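Novice: Numbering-wise (the working numbering), the sequence shown opens with residue 2 and increments by one.
Do not rely on the hints blindly, as some may be mistaken.
Have a look at the derived ranges for each label pair, beta carbon to beta carbon [as the list claims (entries may be wrong)]:
#1 55 <-> 78: 34 to 42 Å
#2 108 <-> 50: 24 to 32 Å
#3 110 <-> 49: 29 to 37 Å
#4 100 <-> 48: 16 to 24 Å
#5 60 <-> 110: 17 to 25 Å
#6 106 <-> 59: 23 to 31 Å
#7 60 <-> 108: 15 to 23 Å
#8 108 <-> 51: 27 to 35 Å
#9 107 <-> 55: 15 to 23 Å
It is worth saying that the hints were derived from the structure and are not from the lab. Source: prediction; values computed, not measured. Cβ atoms here follow ideal geometry from the backbone N, Cα and C, with glycine treated the same way.
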Amino acid sequence: MSGRPDDPDVSLLRPYLMTSGRTKPVDHTIEIEAQVMTSNLGATSVANLTFERRDIISLCRRTMSVAEVAAMLKLHIGVARVLVADLAALGYVVIRRPEAETPQDLRMIERVIRGLESLR
Numbered sequence: 002m003s004g005r006p007d008d009p010d011v012s013l014l015r016p017y018l019m020t021s022g023r024t025k026p027v028d029h030t031i032e033i034e035a036q037v038m039t040s041n042l043g044a045t046s047v048a049n050l051t052f053e054r055r056d057i058i059s060l061c062r063r064t065m066s067v068a069e070v071a072a073m074l075k076l077h078i079g080v081a082r083v084l085v086a087d088l089a090a091l092g093y094v095v096i097r098r099p100e101a102e103t104p105q106d107l108r109m110i111e112r113v114i115r116g117l118e119s120l121r
C-alpha cells in the first residue's frame, strides 16, 4: 500500500474508515430517494464534524436526495446512507421520506437519475 489516493488499497480503506467499518446505516429504512436537509443544529455544529460529514451538511443546505449526496461527494451509496443516517440520529440533518401513496415528482426522479449517472 503506497498511500496514494489512486492506490486500490487506499480507495478500499477510505470508505471503511469513514463509516467506522459499518456497512449498514443505523436507520435501515432510509431510501436513496429520501430528501436530506441540514437542520439548524447541523448548521451551527458544522465545525465539530469530520470533513465528510461537514461536506454533507454543506451540500444539504439545499435539499437533496441521499443518491445526490453520494454522487456529489463521489461516495458509494452505502457509505452515503451510513453517514446520512448518523447525521440524522444526531439531529444534524432532517430526512423527508417519500410518501407511498403520493404520485412521484418527475423532477425529483430526474435529479436522482442524474445523480446516479454521475457516479459512473
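Novice: Verify the CB-CB distance for residue 110 and residue 49 against the hinted window 29 to 37 Å.
Specialist: At roughly 35 Å between Cβ atoms, residue 49 and residue 110 fall inside 29 to 37 Å, so the hint holds.
Novice: Does the beta carbon distance between residue 107 and residue 55 stay inside 15 to 23 Å, or does it fall outside?
Specialist: Hint violated: Cβ distance 32 Å, outside 15 to 23 Å.
Novice: Cβ-Cβ distance between residue 60 and residue 110: within 17 to 25 Å?
Specialist: holds (19 Å)
Novice: Measuring from beta carbon to beta carbon, are residue 108 and residue 51 in 27 to 35 Å?
Specialist: holds (32 Å)
Novice: Check the following: the C-beta atoms of residue 60 and residue 108 are separated by a distance inside 15 to 23 Å.
Specialist: holds (18 Å)
Novice: Taking the Cβ atom of residue 108 and the Cβ atom of residue 50, is their distance within the range 24 to 32 Å?
Specialist: holds (30 Å)
Novice: Within 23 to 31 Å: is that where the Cβ-Cβ distance between residue 106 and residue 59 falls?
Specialist: holds (24 Å)
Novice: Taking the CB of residue 55 and the CB of residue 78, does the distance hold inside 34 to 42 Å?
Specialist: violated (20 Å)
Novice: Using the C-beta atoms of residue 100 and residue 48, is the stated range 16 to 24 Å upheld?
Specialist: At roughly 35 Å between Cβ atoms, residue 48 and residue 100 fall outside 16 to 24 Å, so the hint is violated.
In this structure, the hints that do not hold are numbers 1, 4 and 9, in rising order.
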